[in-house]
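Protein chains: 2
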Amino acid sequence: MLMKMSSLFVRTLREDPADAEVASHKLLVRAGYIRRAAPGIYTWLPLGLKVLAKVEQIVREEMDAIGAQEVHFPALLPKEPYEATGRWVEYGPNIFRLQDRKGADYLLAPTHEELFTLLVKDLYSSYKDLPLALYQIQTKYRDEARPRAGLIRGREFIMKDAYSFDVDDEGLERSYELQRQAYQRIFDRLGLEYVIVKAMSGAMGGSRSEEFLHPTAIGEDTFVRSPGGYAANVEAVTTPNPEPIPFDGLPPAEVLDTPDSPTIDTLVDAANRLHPRPDRPWTAADTLKNVVLALTHPDGRREVIAVGLPGDREVDLKRLQAALEPAEVEPATDDDLKGRPELVKGYIGPGVLGPNGAPRGDDGESPDGAMRYLLDPRVSPGTAWITGADLDGKHVFGLVAGRDFTADGTIEAAEVREGDPAPDGSGPLELARGIEIGHIFALGRKYAAALDLKVLDANGKAVTVTMGSYGIGITRALAALAEANADDKGLVWPMQVAPAHVHVLATGKDQAVFDTAARLAADLEAAGLEVLYDDRPKVSAGVKFADAELLGVPLSVVVGRGLADGVVEVRRRASGEREEIAPDAAVARVCELVDQALAG
Amino acid sequence: MLMKMSSLFVRTLREDPADAEVASHKLLVRAGYIRRAAPGIYTWLPLGLKVLAKVEQIVREEMDAIGAQEVHFPALLPKEPYEATGRWVEYGPNIFRLQDRKGADYLLAPTHEELFTLLVKDLYSSYKDLPLALYQIQTKYRDEARPRAGLIRGREFIMKDAYSFDVDDEGLERSYELQRQAYQRIFDRLGLEYVIVKAMSGAMGGSRSEEFLHPTAIGEDTFVRSPGGYAANVEAVTTPNPEPIPFDGLPPAEVLDTPDSPTIDTLVDAANRLHPRPDRPWTAADTLKNVVLALTHPDGRREVIAVGLPGDREVDLKRLQAALEPAEVEPATDDDLKGRPELVKGYIGPGVLGPNGAPRGDDGESPDGAMRYLLDPRVSPGTAWITGADLDGKHVFGLVAGRDFTADGTIEAAEVREGDPAPDGSGPLELARGIEIGHIFALGRKYAAALDLKVLDANGKAVTVTMGSYGIGITRALAALAEANADDKGLVWPMQVAPAHVHVLATGKDQAVFDTAARLAADLEAAGLEVLYDDRPKVSAGVKFADAELLGVPLSVVVGRGLADGVVEVRRRASGEREEIAPDAAVARVCELVDQALAG
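Sequence lines, in order, name chains A and B.
For the first sequence, my numbering assigns the number 740 to the initial residue and increments by one for each residue that follows.
For the second sequence, my numbering assigns the number 740 to the initial residue and increments by one for each residue that follows.
If you're looking for bench data, these hints aren't it; they were derived computationally from the structure.
Be aware that one or more of the hints could be misleading.
Said to hold, decoys possible - Distance condition first, Cα-Cα at most 30 Å in a straight line; then the derived DSS-like pairs of lysine-lysine:
id	chain 1	residue 1	chain 2	residue 2
1	A	Lys1228	B	Lys860
2	A	Lys818	B	Lys841
3	A	Lys1277	A	Lys1248
4	B	Lys841	A	Lys765
5	B	Lys743	A	Lys765
6	B	Lys818	A	Lys867
7	B	Lys743	B	Lys1277
8	B	Lys1283	A	Lys860
9	A	Lys860	B	Lys1133
10	A	Lys841	B	Lys867
11	A	Lys789	B	Lys789
12	B	Lys765	A	Lys789
13	A	Lys867	B	Lys789
14	B	Lys789	B	Lys818
15	A	Lys1200	A	Lys1228
16	A	Lys793	A	Lys841
17	B	Lys789	B	Lys743
18	B	Lys841	A	Lys841
19	B	Lys1228	A	Lys860
20	B	Lys1200	A	Lys1277
21	A	Lys1193	A	Lys765
22	A	Lys765	B	Lys765
23	B	Lys1283	B	Lys1248
24	B	Lys841	B	Lys818
25	A	Lys793	A	Lys1228
26	A	Lys867	A	Lys1193
27	A	Lys841	B	Lys765
28	A	Lys1193	A	Lys1057
29	A	Lys1193	B	Lys1277
30	B	Lys743	B	Lys1283
31	B	Lys1193	B	Lys1228
32	A	Lys818	A	Lys765
33	B	Lys1077	A	Lys1193
34	A	Lys1084	A	Lys1057
35	B	Lys937	A	Lys1193
36	A	Lys818	A	Lys743
37	B	Lys765	B	Lys1193
38	B	Lys789	B	Lys1200
39	B	Lys743	A	Lys793
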């Protein structure tokens, strides 16, 4: 159906919307692809809906190609399945909850593991029914604390979510690999650059997980990569475990005066001033700082813990959060510290923390008051530290981990820095930012076990099914595409997802121009192309050009002044290339360029 | 993509689901098209999704053909626009409401008049931009008190909703007519019988409204039609106004003893026994009964009113409800009647009701205690009645409407009966039942005025836009199709919406059968058809036939015993016709039958 600018429901805007920070958000609104309906909630206008349909279709084709079958679940779901897996509680304020007229609890689903699990349980019962892969392209909801960047972090958005069901681990591995390859084909076809990074499974559970990140400076996810090919999001980066150092010959620890040294900077200064060591000065890396944090568990319980890490590293709350999920973590407040006089602010040491702190009961359980103590992996057995002596103005020097103190475990709490070694030995890490456009999880048996999805195996024995979960943020991928394909004049769609293949512009007032343009538009459509025709009679050529550049259709045919000399102009939006051509040759030339782009 | 029964995500059931009452619900579940996720909320399985996509596509094509442009609104919406039009309150418990993490009120939209109005206001400003028609195919929500009949009355469902915008009434009339014709083409293409009936505008507001009803005994809407072509849903039927009768010569009213006659039956009996009239006996039609009802207004206010109607007619609460919207109506309770000693149960008459009751103030306003009194149109000026005398055991005879008592207005409160005259004089009414599959409204300026949607007219004057709203229940239409196209063996899809064109069955154990069937399935697909292939190796022919009949694909090709004699069988699901044909001729024959069906 030929789209005419005179009647198309679109109004381009010259000004950026006030609430827009990133290019995709600004341009999609200015070009009339989307409109904001509420924070993080958008309406799709005709041109936007056409791009969306093309993105969905590419995803659908690649899902179908690996034998995944399309279904469609409701968005409005009862709480019970999510209660069975614990996610009703774990999601906390991040999901929309409501009650129906009878007072029954419902949610707007943020993802559908539970429902797919129950559906398969409902229909299937034998190993012969597996493997199975199902998917849907469906509207999802998350009550984001800070919706931002237009479609990039919305509260109502479209996802493709797929789920695989296998009888054993090898099957899951194959299913995971099939989806991973399909994702690569999808993003390749979309022309969307991506990096596959190791990720945490987080609230999803499961054994293995990778993210597809689109690298961009406006991305809200930080990831790392090494020259040797290691890639992970920053939450998933692990710190290589140093070799343990033998205790033999390490001098004993001693408590020394370090007056007025409650911070790492003042401590290093005091140590070098009052207790210099002969070979080299003390640095922040020689100090062990202990940070007190408060966790809120899904059941509402609040727990105060301490984390010890080298003094030259900051705590990375996102990494810490990922390590402690589903609990929510924040710095401890004065309230949390009330009734703990052993914590001397600025001088806290392992002596009062974890197993070193208040004595534990016979059963090894921590009694009230002995807080959990977790250490950065760098604080490994045999390493010696300057750290708080739990007395005002005093630190202990040469305190050796594993000899003089222990902890309740290790934790990845420290920031990752450019140049840190990759955990697999593949070289120094580089830091970059990206948008998460896909995420695949080898879930394993978490959901199947919680919801009792079993099948009979070849021996007639009931075995719990193992699952994978695979998501693509369709609306977010579209935003990433807009972000990656834009310049200062507007959008520059790749042919594969453009709302039209070609934009015909009639410029000037000459009737012959409009007649020729109308004929060309009709002929291009008859040749099987999707055509946008700017037929507006009283709009200047300048406005039409500006609109065409803002809308970002890959090819334009400009019919104007040149027509008197027997030529029209074919323009390419991306490169700016222009060529003059006889009107009669224009259709064949445009078809050729479209075919090249689609093949490309 | 060839669908193989061995891997298709479907399990047919031999038993009807326990909660299913109607054929479409039973069969869509048994055949594995849908599954219940919660009351009135369904999941679409692969075959169901294919039918749904075809229904949507037909609707989309006909909308596009009349120049309507597709957009897509969120389902989750802030309350403010709905508050501006009053519907946030009017919808009462019939919508799902929720709050986000900041405590802001949201709803799951049941329809989108407000949002479309605001979007057009946002983008357009001149009469030159109009007419405009927009539509979406989108998931909607209503918190039905009694979800029932599977997809027919659901709580999450898919609608096509369209909206027209015009500068004047003639424009609205044209837009309404375009949609009306598109609806006729849609239902014709779907092969879905329909009747267009006059309807009430109800909570939608507006001047004119028609429903598209699919006639079926399981429909929950009652409608009427006359031999002369009048059709209306029962709420919209109006009672012809009788000619006024002159008061001259009518005898005066007199109060007579009618002991123990609190019901119409006992009253008619007492009247004939104690006060017979010479020419003919009294009947219920000579009595005027006054029914006390309680209204709950959207603002929560409760109002007690009385309705007077001939004693031989029952009150139809649905008609009354439609007449009194948005208030909710129910019979008055004892609590409502407290403090009203003038109401003598069983003997209530006009003497204590409305303008005849407690005296009113100078301003004509009813003081507290004088309840509104509304009359059936049959109780017209000059008609004489036996009715309550407001004294125990006494009725008044010959009380003349307009002479001896008046009311606050008329109301359509009485049941419609088979044989009642059509209001347009086109003959006696016949009653029938149907499913509402479409509803079109000439809304007029209600929404545009409430939300201040104006455009400049040709004279530069701001004028309020006039709108129409046009809905098709996509999932309900699919259910109606299933309901209309089924037999005792299962579904019988029309070719236009079938999940596949042809179902190939390999029966028996012979490898040659499976080889031929696989080749035929591939050839049929290569010929452009959608093919379902029952390739299950260890399933009996009987089960395969039963499944094929349940699934309802219009054509089958059975490859089995006949293959040894060089034939396969082509079966038509609807008629049961069978023909034997050489395998090599089967593809051409099936293509011919598919083309015939799609053309037909």
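> Broken hints, numbered, in rising order?
Replying inline: 5, 6, 9, 10, 12, 14, 15, 16, 21, 22, 28, 31, 32, 33, 35, 36, 37, 38
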